[in-house]
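Chemist: Starting from the given sequences, assemble the full structure and let the hints guide the process.
There are 2 protein chains.
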Amino acid sequence: MATIKDVAEKAGVSVGTVSKVLRNVYVRPENRRRVEEAIELLNYQVNTYAQGLRASQTYTIAIIVPDLINPFFALLVNYVEQVLAAIGYRLFVCNSHCNAGRELSYINMVRRNKVDGLIAVTYSNSTEYENADFPLVSIDRHYAGESCCVASDNAMGGELAARKFIDTGCRSVIYIHNGSLLEGETLKRGHTFLNTCRQAGIRSTEIHFSEETTLDNVRIRQIEQFISQSTRDGRCDYDGIFASSDVHAMVIRRQLERLGLKVPEDLQVIGYDGMRVMNVGGYYVSTIVQPVKEMALACVDNLIRRIENRPYERSVILPVRFVGGGTTKGDPDQPDPEAEADLTW
Amino acid sequence: MATIKDVAEKAGVSVGTVSKVLRNVYVRPENRRRVEEAIELLNYQVNTYAQGLRASQTYTIAIIVPDLINPFFALLVNYVEQVLAAIGYRLFVCNSHCNAGRELSYINMVRRNKVDGLIAVTYSNSTEYENADFPLVSIDRHYAGESCCVASDNAMGGELAARKFIDTGCRSVIYIHNGSLLEGETLKRGHTFLNTCRQAGIRSTEIHFSEETTLDNVRIRQIEQFISQSTRDGRCDYDGIFASSDVHAMVIRRQLERLGLKVPEDLQVIGYDGMRVMNVGGYYVSTIVQPVKEMALACVDNLIRRIENRPYERSVILPVRFVGGGTTKGDPDQPDPEAEADLTW
Chain V
17 MATIKDVAEK
27 AGVSVGTVSK
37 VLRNVYVRPE
47 NRRRVEEAIE
57 LLNYQVNTYA
67 QGLRASQTYT
77 IAIIVPDLIN
87 PFFALLVNYV
97 EQVLAAIGYR
107 LFVCNSHCNA
117 GRELSYINMV
127 RRNKVDGLIA
137 VTYSNSTEYE
147 NADFPLVSID
157 RHYAGESCCV
167 ASDNAMGGEL
177 AARKFIDTGC
187 RSVIYIHNGS
197 LLEGETLKRG
207 HTFLNTCRQA
217 GIRSTEIHFS
227 EETTLDNVRI
237 RQIEQFISQS
247 TRDGRCDYDG
257 IFASSDVHAM
267 VIRRQLERLG
277 LKVPEDLQVI
287 GYDGMRVMNV
297 GGYYVSTIVQ
307 PVKEMALACV
317 DNLIRRIENR
327 PYERSVILPV
337 RFVGGGTTKG
347 DPDQPDPEAE
357 ADLTW
Chain B
17 MATIKDVAEK
27 AGVSVGTVSK
37 VLRNVYVRPE
47 NRRRVEEAIE
57 LLNYQVNTYA
67 QGLRASQTYT
77 IAIIVPDLIN
87 PFFALLVNYV
97 EQVLAAIGYR
107 LFVCNSHCNA
117 GRELSYINMV
127 RRNKVDGLIA
137 VTYSNSTEYE
147 NADFPLVSID
157 RHYAGESCCV
167 ASDNAMGGEL
177 AARKFIDTGC
187 RSVIYIHNGS
197 LLEGETLKRG
207 HTFLNTCRQA
217 GIRSTEIHFS
227 EETTLDNVRI
237 RQIEQFISQS
247 TRDGRCDYDG
257 IFASSDVHAM
267 VIRRQLERLG
277 LKVPEDLQVI
287 GYDGMRVMNV
297 GGYYVSTIVQ
307 PVKEMALACV
317 DNLIRRIENR
327 PYERSVILPV
337 RFVGGGTTKG
347 DPDQPDPEAE
357 ADLTW
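Those sequence lines, one after another, are chains V and B.
The opening residue of the first sequence carries number 17 in this note's numbering; numbering runs sequentially from there.
The opening residue of the second sequence carries number 17 in this note's numbering; numbering runs sequentially from there.
One copy or any two copies: either way a pair holds, since identical chains are not told apart in the list.
Heads up, simulated DSS-like pairs for lysine-lysine below, C-alpha to C-alpha not over 27 Å straight-line:
| # | residue 1 | residue 2 |
| --- | --- | --- |
| 1 | Lys345 | Lys204 |
| 2 | Lys309 | Lys204 |
| 3 | Lys345 | Lys278 |
| 4 | Lys36 | Lys26 |
| 5 | Lys36 | Lys130 |
Hints are computed from structural coordinates only; laboratory data are not their basis.
Modeler: This is how it looks when you write it as C-alpha cells:
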C-alpha cells in the first residue's frame, strides 16, 4: 500500500507539499497537478483517521455521464440535481467522454471524503466499481458488493419493440446498436428483442458499431453507410429497425428518407429513450420511453440511504412504455396523453 | 455585520455547532440545515483569516443555469465542464429554476471559499451580482464592479433576423419573447430586430409572455393561444415571426402547422440559439446560431484569469450567424457546411 512518502517521491515534491494538497492548502498549480497524478497512479488512500480528521459528510454528490450532448443524459442530470437540491445536496457533474481516468478522479474524491457518493452511467472497463469501497449507484450495470443498480426494464423494452414489429407484419428485422458490450442491463434490449422476433419466426439480425457511448461524426457516417448498403433500388433489406437509442434511430430515419424510402410505409423504426423535440414537443421517433424522472429519484434515494447507513435496494428496475412517434404503423394521430406532464414534477 | 453568535442564536444551536458546520465537521442534518439557513438569512461572512485558515483554492467552479431541459443550457454546461476538466477543475451545476435563493446558496459558497468562482446565467433580480465580492462571469448581463460578461452578439442577431425578413418581402413582423426584461444583452435581440424592421418601413410589433426563463406547459399554451388568436380564415396577422429562442420558435411553428398554415410559404419563423435535432441532426428552425463552444471557452478563460489575479476582459461579445433551417424562404437544400463540426472541438 502506497504511503505519503511514495507519493512525494513519485511527484518529485516534498512530503509537506503532498500534505498541503491533501489538506487543500495552496501549492503551485503545477505541483498540485503532479501530486494528484501521483496519488492516482499509486492509488494512494488517505487515512483520514491517521490525519486526526473525522470523516465528515460534505453534502455533495458526483454524477458521471458520458456527456450532456445526448439529451437523455442532460435530462437525467437535470432531475438528479433537482432532487438533490431539495434535500440540501450539491452536485458535481463529470462528463467522462468514455475516459476511465476522468472517472477514477471522482472515485478518488469519494474515497478521500471530498464527495459523499457517486452516481455513475459508465461503460468503462474500470475495475474500481466492483466491490466498491464507497457509496455507489450505477445506472444499467450490476457490480459485486454494496452498490445499487438503477435501470429501466430493458427486457420489457426489447419485447415491446419486437411485439410492435410482429403485430404490424414485419418479416426481416435488425437491432442496430452502439455502446458497451460489457455485461449490463442494456444488453437485454437487443437479446429480448431478437429472441422474441425469432420465436415469432421473423428473420432477425443485429449489427454493433462501437463500444463508445458518445455519438461522434465517424459513427454517424458508419451508420448512414450501413443503411445505404442495405438499400438497393428503393428497397431496404429490413422492414423493421430497432435502434439502441433515439439518437441512433433519428440518424437512421434521416438516412432512409434521404434514400427516398418512406417511414413507416416502407419500413418502420423504433428507438429507445423516449426523447422529445427540444424536450417540449412531440417524440422524434416511435420509442421505448425510459422513466427518467423515476430513475433520477431512485438513484438519489438509494444513494442517500447507503450514505446514511439505512436500508437500500441493490437493484431497481423501472417499467418502460412504447409510444408511437410516427415511425411505426398504426400510430395514433393524437399526441401521447402523458406527454404534457413532462415539464413538471 | 452578523457574528457567529448571531448565527447560533438565530439557528437555536450552540456556537460550537455553528463552528462545526463552518469547518465541515458532522452535525445532525437538521441542525446543519438550520445553521445554513441562519447564515444565509443574516448574510454571515466567515472571516477565514480570523479562523486562522488560509484562503485556498478549491479548484472547483459552480455554474448556475435555469435548467438543463433547454438544450442550449445543457450544451453550455457540457462544454464548460469539458474546458474546466482539461485544466484540472471540477464543476458544480446548479439549476436555479429561477429561484434566487438557490443562486444565493452558491454565491455564499464562493464567499466561504468552498468554490473558487461562479459562472451565472441568471435573470433573477438578486442584488448580489452588482459589485460582486467574488470571481464572477455572467452570461448576457453586465454588472458594476469586477465581473466579466460573456454574450453572443444579440444586436447582430436581431439585425440578421430583420434583414432576412426584409429581403424576403415581409410586411408585418412580430418579436415573440419570453424571459427577463432586466437590463442585459438579450434585450438587444428584440430592440435591434424591431428598429431595423421599422426603419425599412415594415409594420413591427412585439409580445412578451413571462419573466420566467424556464418554459413550462402554461407558457406553451399561452403562446399557442396567441398564435391561434392571430390567425383567422387560414391567414395570420404576421408574415414574419422572430422568437427569442429556438424552443419558442419550435412551439410557434408547430402551432402554425396545426392551424393549417405552411411555413415558410405562408409565413416565416426565425428562432435564436442554433439548436439542432438531438444535437446531431439538422436545425429545428431557421435560427441565429450562438457560438456556444466559444462562449464556454470565454467564460472559463476569463473566470480563471480573475481567480488567478491575471488580466481579464470585462466584456466578451461573440459573433453570431444566421442559418436557414427550413422556416424561411430561399433556404439552401444542402445542410449547413459547418454543421458537421459540432460534435468535436
